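Colleague: Let's have the full structure, built from the sequences with the hints guiding it.
Taken in sequence, the protein lines are chains A and B. Quick note: to get this note's numbering, add 6 to the position in the first sequence (first position is 1). Quick note: to get this note's numbering, add 23 to the position in the second sequence (first position is 1).
Read the hints as simulated data drawn from the structure, not as lab findings. These numbers come from a predicted model, not from an experiment. Every residue, glycine too, gets a C-beta built ideally from N, C-alpha and C. Some clues are possibly wrong.
Below, a list of computed lysine-lysine pairs in the BS3-like style, where the Cα atoms sit at most 30 Å apart [to be verified]: (1) A:LYS79 - A:LYS117; (2) B:LYS32 - B:LYS80; (3) A:LYS76 - A:LYS61; (4) A:LYS117 - A:LYS76; (5) A:LYS79 - A:LYS61; (6) B:LYS32 - A:LYS79; (7) B:LYS80 - A:LYS76; (8) B:LYS32 - A:LYS117; (9) A:LYS117 - A:LYS84.
Quick list of the computed label-pair ranges, beta carbon to beta carbon [to be verified]: (10) B:LEU138 - A:GLN63: 24 to 34 Å; (11) A:SER86 - B:GLY39: 44 to 54 Å; (12) B:PRO93 - A:GLU16: 43 to 53 Å; (13) A:GLU21 - B:ASN100: 43 to 53 Å.
These stretches of chain B come out as covered by chain A in the derived footprint (C-beta under 8 Å, 3 or more residues) [said to hold, decoys possible]: (14) 66-72; (15) 76-90; (16) 129-138.
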Amino acid sequence: AQTVTQSQPEMSVQEAETVTLSCTYDTSESNYYLFWYKQPPSRQMILVIRQEAYKQQNATENRFSVNFQKAAKSFSLKISDSQLGDTAMYFCAFMVSGTYKYIFGTGTRLKVLA
Amino acid sequence: DSGVTQTPKHLITATGQRVTLRCSPRSGDLSVYWYQQSLDQGLQFLIQYYNGEERAKGNILERFSAQQFPDLHSELNLSSLELGDSALYFCASSPTNGRGGDTQYFGPGTRLTVL
Chain A
7 AQTVTQSQPE MSVQEAETVT LSCTYDTSES NYYLFWYKQP PSRQMILVIR QEAYKQQNAT
67 ENRFSVNFQK AAKSFSLKIS DSQLGDTAMY FCAFMVSGTY KYIFGTGTRL KVLA
Chain B
24 DSGVTQTPKH LITATGQRVT LRCSPRSGDL SVYWYQQSLD QGLQFLIQYY NGEERAKGNI
84 LERFSAQQFP DLHSELNLSS LELGDSALYF CASSPTNGRG GDTQYFGPGT RLTVL
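Modeller: Written as structure tokens, this is what we have:
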């Protein structure tokens, strides 16, 4: 069975600093997709970034980037120049190609401090 | 705004009752997914529909059922409600059947409180 582990239940970072959220997953599959979603206090689930496992290049979206280490089954999210609006719960999600569902980690609660 | 709409936003009901949650996917999306998020928990996949047909089932209780209509909106029916069913229920949609790793776009959720 596939699993996703987020080992940091809570983190905090000073405004304008950089923070990295960790995510590891377990699978025997070779084709899959990885996602980070953000859930602010409004509870809306917002896609932050997506990575295809067959791509070696790490995905980047503005201040958000990932460090995808396929051999280590690691998919960390780096937030640069943290902003107060980044305060949210962050979920790592995994989907095996050919299946229909996301498998979510338990989340990391990030607080950006002024 | 993801383009996925869910109604109602909040629902308060009593144990033993039945409720219906409604979801309209983004324009053009054929797949609808339902997830349950209990307090401070990750999201658990419940069920997926693609173009009117059930495609995948996750941890969905027998008391729960869903359907997708010809206009592609979907309804999640929860019956014989228990206190433990209190949760945030999300609907998500994607363009295709999801097997190609579609990004799923989430609605704002329906918060269900069972008293």
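Colleague: Okay, which hints does this one fail, numbers in order?
Modeller: 6, 10
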